[in-house]
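Engineer: Bring the two chains, given one by one in their own frames, into a single complex with the hints.
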Amino acid sequence: MPDPQVAPTRATAQRRADRIRQFQAELAALESDGALALAADQRSRLDAYHAALLERLASTFDVDVSDTQKQFSRGMQAIAIIGAIALAASVFLFFFHFWGRMGTALQVAVLIAAPLVATGLTELASRRQRLRFLTGLVALVAVACLILNLEVVGEIFALTPTPEAVLAYAVFALALAYAYGQRLLLAAGAVVLSVYVAASIVRLAGGWWMPPDLFLRWEGFVLPGVALLVWSSVPHRLRDDFPGVLRGTGLAVIGVAIVVLSREGQRSWLPADERTIEAVYQILSFIVPAAAIGLGMRRGWTGALAIGSLLFTIALVTKYVDWWWDWMPKYLFFLAVGATALGLLWVFGRVRARLRIS
Amino acid sequence: MSRRAFLVALAVVLVVNAGALVSVARNRAGEPDATLVLEERELELQRGDGDNSGLLLRLRYQHASFDLDPRTSVPEDTLAPRFIDQAKLEALGFDCSVAAGNAEATAKYRAVLPRPAFIVMVLGGPEWERRVSAWQERRRRHTDDLVARGELKGDAETHARTEIAEAPRRLSRLMPVDAGRDAAALRAMYPDRSRSLILRGVVRLHLIDASARGGPSLHGDLDRVFPVVVNVPRALHAPLDALGPPPRPARGAGVTRDRSAAMLDHAPRYEVRVSAGRTFQPWVTEVRLLR
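Protein sequences, first through last, are from chains L and P. This note's numbering numbers the first residue of the first sequence as 1 and each following residue consecutively. This note's numbering numbers the first residue of the second sequence as 1001 and each following residue consecutively.
Bound conformation, chain P alone (with noise of 0.2 Å):
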């Protein structure tokens, strides 16, 4: 028994990274589903420490409740759109037959299970371009109303004045905009393939009660996207291993970063090829350094 333990734990080493590395091979090949030129400010990078050698870039992508509560926050606090409402919960086999006014909504609610999805993300555009110009000003009247206030003075409004003007060059500009059970069909709702990325992720249904703002309500909010990084492979490392650390910001005190949209402190200094394939798997097949 011994020996026949001993070979199937063998055997699973090697079917399993077969199964792995076929997986591979089938996400890339022939032509990639996308392939879209993303900057530093899409995919930031998380450079280890003495201890990692390897270079990730962290996938950044706006997101309709970045770090803020879906229940206590309205669609206007963000940058991206809440796009995921009852309808679309529904096509994504969420069961929303109890109404969110209902009474015995908050027990049906409570614990549901999140679904995985396929989730279109688009670079840029108009409408991004849109909702950055209103972002701008909302944030330009909040920062007003501080200094009026007295609370925000000296270097920390400059730094926040000018977070606002370069915000179009250090917003992210991928924006999830759709989500679905049947990936082709969103691609053929979204046949940009250098502008549309559609990747796996996770929904999760939120019920927004009556107290609540924009209650009561149902809301999906985009758990989270896969992957949460991509590696870059070797080959690449050079452009990127040039770079010294990133310039860091000058907030002044007590300023802290906004949250509401995804945003790099300083001006992207790299952008980045990436393809997905046939499973929806991105790779890194260019790095080219920006001046």
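The following block holds chain L by itself, in its conformation from the complex (with noise of 0.2 Å):
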């Protein structure tokens, strides 16, 4: 069981390690370099807290205490994440290799019982802090066993799609998220409720909500995106790592639909000239993320700072291609690019030169 008096959640018993390692690391070189010099009996002191200290976050929380463990969990994050898409692919092959052999009452109950008995593994797994690399590759197997159930419980009955099957979805990763402590699957769960908004505003109007017909309207992702970036603003005891990721997620949805509307107007809610719109739609996709730069600059969000970065880079380019890119020597364009981009370096130094000072 976590122990809260060391630290609550295994995000911040990382962090903890983290610094412990950072910690002895610094104390090293200021040894070495005569700067300060423990008493031999607070060293072993020291030593023996940090030991006791380590040993109990990586026993509770099965944190990572070095470099070399840190590097094996990336590549068990991404051995699970490919294991969970075979799974996921080998419980979609098996169900449709013997379902022409089920009768229909067995098939639905098949359907309806994978999702929860993965659910289930999930949290027996979740049990043990060192199975946390199965949990995650359960929960992704079990938001992919609620696809399968919906979408063949829909073909066997010849249900007409509704976007309710996708809140269902978005939904059901946002609480397995929550009660495993599922980043990825949080992120998941964002864009698909992002998707189910988006697809309940095209329905309302009376149109047809299916991609990629949901893509001919935008703002309708706009709307989910803020929720996302005010969602993140929320509180999160114990999961202090989900701010970021909703944040992320928010400002890439945002992102993502300012950049569309930038360039087709006619993709647009507003009742509006398609070029005003693109125009309307070009000013923000420089000032959302500068905001967003500032804001991670100003905050430490290091996420928002990567993603309004990248989103700012799109739009300089894009208008850079829109103006310069049919007349202008080609030599001549990527210069331009790279003088923009040193252009952006120097103020940012300017910035960071400031930040030092303050």
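Keep in mind that the hints were calculated from the coordinates and are not lab data. Treat the hints with caution; some may be incorrect.
[Claimed, not checked] Using 20 Å as the maximum straight-line C-alpha spacing, the simulated DMTMM-like pairs for lysine to aspartate or glutamate come out as follows:
id: 1; chain 1: P; residue 1: Lys1108; chain 2: P; residue 2: Asp1085
id: 2; chain 1: P; residue 1: Lys1088; chain 2: P; residue 2: Asp1155
id: 3; chain 1: P; residue 1: Lys1108; chain 2: L; residue 2: Glu31
id: 4; chain 1: P; residue 1: Lys1108; chain 2: L; residue 2: Glu274
id: 5; chain 1: P; residue 1: Lys1108; chain 2: L; residue 2: Glu26
[To be verified] Computed footprint of chain P on chain L, listed as stretches where at least three residues anywhere in the stretch have a Cβ under 8 Å from a Cβ of chain P:
id: 6; segment: 205–212
id: 7; segment: 264–277
Cβ atoms here follow ideal geometry from the backbone N, Cα and C, with glycine treated the same way.
Structural biologist: And the structure:
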């Protein structure tokens, strides 16, 4: 069980372990430079304290206590995702291999049981911290099972697709994300929830809501994107790594919508001339990323900073292409892009220096 | 929080499945809205490969722009009628306030959202027979032209002429004839429940500009109909399991399948009784082999 005296969550525990390792490295450097020399008994008490604490963190939260372990963890995460995709494919193929031999009642029972069993297995795996990669893997399989469940029940009974199925996928993924601290599922659930909101708006307006027609209108994605940003500001005491994921996903959803609308004004709900709409969104395509970069720098939101920078670059390069690509010699075009990058480096360098002074 | 989120996940599975099953029960309760006997030409067997043991029947119907671009084809190109004109589009809720010939029409209709609608499919009948005869006549003229130019000969010519002659037995008899937002009103207009099937579908608006044939005009295209496939329950598999693979057509080199009509490559081998319920979701109630 987590020890709130040491750390309330795995993410906090990992940060504590990282701090201890950084402290130990810095202490060794100070001692080597002769800037600090702890007494032998102080040093041994400190070492013993850190060793015991790291042992506790490792046994309670399965945190990584060395760089090698961290690299292994990253590898295991990647393997877990690949494994989840393979297992989900296996579940799909297994079902389709046998479903023709089952009566309708048995088909439906198996389809409903699959996500329930996978959710139960996720719960079991989550009770052992050392099985956290397995927890993530089974949780992803559980989501795949629910998709199989609803899609095939729909096919068996010839049901017309509804956005409520999309809502079910989103809520299910988010519930598993919050239950088991799964950031990938959180981001996926947030994106699917955005799709549900956009689809519901299209349906309310009397339109057909399924992709690709859904992407004929994009403002529907801005609303859930903003909602994700608001949601990220809600304190997450037990999932303190979630706000960053929600913020990043919200920004990405808003950013993609703005980029599309800045290029194709006819995909807007706004009752205005498409050139005017494109102009408005082109301005927004600079303002929103700039705001994200500013906030990211001020509050230390590295995710917002990265996504804001990416969106800003996309907006800038897109505008450069519009203005110059057709008539400018290509060497001059790329020189202009490079010069802009140098200009941005200079601006950011000034800001960075000011931050150091402050 | 973990416990609560875990319970929410379980609840989602149960609630959403309960909702789906209630919808199925509602659809199948009471007298069906329609019961039709369709053949292989309307419900083509889509047998899974070794990895799929299920049996699905793909709905095939005559489509006014069956694989053809509605902006470049004309009604005479296809067997089915173009039944969604501007008035029908407006009745379906499309905003057609800018005339097709107006300079602003292209911008206005470039990214119009398609709209859901109820679609009436009629099975065979005098109108279908008349259209099949006209279609055969057009195909015969076209074939004669190709033969005269030396582009069709030998086995390919024989196959083309056989296909035209056998069209009344091979062409899908399901033809969409009307669309609307009110299923009850459509049923009142098409009361024969053994010949007209109401399904849900999606209609897309096309602007046919002045340079295209039939332009400038606004045209509705039946984008899709639900369901795309109908599942055959295990209990009804037996007759279809007894069928071998469909006979392969001997078209001859260089001759491709005619895409202006939904047609089988061979005579239908089975018939299927299909019912559609109160929420217009069809299901199979009987499968019988044809002699």
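Engineer: Hint by hint, say whether it matches the structure.
Structural biologist: Comparing the hints with the structure gives:
| no. | hint | in the structure |
| --- | --- | --- |
| 1 | P:Lys1108 to P:Asp1085 | holds, 17 Å |
| 2 | P:Lys1088 to P:Asp1155 | violated, 45 Å |
| 3 | P:Lys1108 to L:Glu31 | violated, 74 Å |
| 4 | P:Lys1108 to L:Glu274 | holds, 10 Å |
| 5 | P:Lys1108 to L:Glu26 | violated, 66 Å |
| 6 | 205–212 | holds (count 4) |
| 7 | 264–277 | holds (count 4) |
Violated hints for the displayed structure, listed by number in ascending order: 2, 3, 5.
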